[in-house]
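Asks: Take 875 as the starting number for the first sequence in our numbering and just add one per residue.
Errors might be hidden in some of the hints.
Cβ-Cβ distance ranges computed for the label pairs, FRET-style [claimed, not checked]: (1) 969 / 920: 21 to 27 Å; (2) 907 / 1011: 54 to 60 Å; (3) 1010 / 1256: 48 to 54 Å; (4) 1014 / 949: 29 to 35 Å.
If you're looking for bench data, these hints aren't it; they were derived computationally from the structure. Don't be surprised by glycine CBs; every beta carbon is placed ideally from N, CA and C.
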Amino acid sequence: MTGGGQALPPDPLPAPPPLADAGSGPAEPALGERPRVVSVLPDNPAVSRRFDYLVPERLDHQVRLGSLVRIDLSGRRLGGWVVADGVVPPPGVALRPLRGVTGFGPPVDVLELAEWAAWRWAGRPAHFLRTASPPGAVKGLPPPPTGRRPSGGNALAEEALAAGGGVVRLPPAGDLVGVARAAAARGPALVVAPSAELAGEVAGALRADGAVVALLPGGWARAAAGADVVVGARAAAWAPVPGLAATVVLDEHDEVHQEEAAPTWHARDVALERARRAGAPWVLTSPCPSLAGLAAGPQLAPSRAEERAGWPVVDVADRRREDPLRAGLYSPALVDLVRSAGPGRRVVCVLNRTGRVRLLACTVDGELARCEACGAAVAQDEGGELRCPRCGAARPAVCLVCGASRFKAVRLGVTRAREDLERLAGRPVALVTAAGGTEGDPAAPVLVGTEAVLHRVPGAAAVAFLDLDAELLAPRYRAAEEALALVARAARLVGPRNGGGRLLLQTRLPEHEVVVAALHADPSRVAEAEAPRRAALGFPPAAALAAVSGAAGEAFVEPLRGTLGLEVLGPLDGRWLVRAPGVTTLCDALAATPRPPGRLRVAVDPLRL
DNA sequence: CGGACAAGCTGA
DNA sequence: CAGCTTGTCCGG
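All chains should be built: construct the whole structure from the sequences, respecting the hints.
Replies: Right, dumping it as structure tokens:
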């Protein structure tokens, strides 16, 4: 099967006992005096076993499946989750009593989901149960909801929900709240947003409708007590939602939905699996659906006119026409654009490179300036000397081939771009980087920065990508999707065309499907070009991949080499790639392979490759 | 994980 | 062979 089609639960491999009735089977019907015993999974990912404990009388009514409890384990006190109740402990073990109950924990369906996720992303259930647990102790729940269920909402979302599930292509200026509304109209809905900020906006809008909204992570108890809508960022995919009736993932293409650290779980896939288990319909929305998202179900697109209206005007500056030696990052169109900036008309320039200068080329023979000692590209330091970033050697700025002393920056960083733009625009230009700093006046009419600038600025009249080719040609298999996602983010920042929103794409690849897709407000062009490439190259969702690294990587990967249907590549840069035709084959194999001692990182579906 | 205990190394 | 390090196992 292909990746995004939701993975089946683990086959009965050497799988651990299912969480919800782990251990030793159900108790016989209370036949007199048998004491109550529960199985507890310790809150310590290094301990994957479950241990049985007696429930003291005084805690009896507080302990239920999922409860967060305190236990004694080999002399230490730990937290843990009750994962089975009424178990009959194996004979000959001296049981200890639970030390206490911390409070409410994940409901049974989430306990089972954690077990599935441990299989799906080669992790430990405890890791997921932490994410699924409330941020603080929850001793009691608020009264059940008395809200007004929202009605109406986005028509395409309603259509997708009625059909059991679908991917709604919602242009950048589209109404995300309307999608959440359509879901909540069907009953308790789970809405996973790409950021806490957006989650807050959705929560605010639905509260204004009169709905009872649990905004995660703070609203965990509200969610557990029942709510019309449970909404939050990534981790909300693990929130309790009694009576789950619909699941929504907003901006499913956004890579923030995936955890970077192993286990690399993806909120979209968690939400989809949850919907599947609950028999609830689902909606994924995106202005530019990912292939992984599209593999989950049918796509519902607005009319061409509607979709176009939701994107800004896009201009393409074809840098091929510019003199390759003299052409910098500043086409005439760009210069016009930055000169149009002013108070209330902010222009944002995106350049995904930090630093001042990356590569220098001799103005006479075009030779790149490289280190005499080690051959790395050298940069010009403040004093004008050429300094090697790799070995530290410095030398005067003289071409090694022709002796000329003038160099031209062929790849400019944002620091340099800020200075250049300030000169070209004749107005103050501020620099915004991911590191958090802003150089220059943050209220400046022109901002330049790496893609972080798109996250840090509240709005803009226009966004220019100074060098879109850096994204288009990035050596990552998802480069095209990522580039379009970046353009879509900029599109949301500037707003739709009827509000004057404008994007400028500077590129030497004007025929590239990402450029064409943006130009025509038709993201399907990227998906259509990309799908056959992924299939040909064996990349997700046409195949399932795991990246294995760490000192124990070799030992872990070795037994996988012989496994039927698996392909093990590497090591390359200390990393192995495990490829399988589908998620089930891959995850079954990973789950069946013992973990050798030592540092090991297994990233299933790695984002960056 | 962290403690318990067993199997190996060193110095006399 | 004591005294110590290193490794493996197990916990309720």
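Asks: Evaluate each hint against the coordinates.
Replies: Now the hints, each set against the structure:
Distance hint check: the CB atoms of residue 969 and residue 920 are about 23 Å apart, consistent with the given range 21 to 27 Å. Take residue 907 and residue 1011: their Cβ atoms lie about 32 Å apart, and the range 54 to 60 Å is violated. At roughly 50 Å, the beta-carbon separation of residue 1010 and residue 1256 lies within the given 48 to 54 Å, and the hint holds. Between residue 1014 and residue 949 the beta carbons are some 32 Å apart, a value that agrees with the proposed interval 29 to 35 Å.
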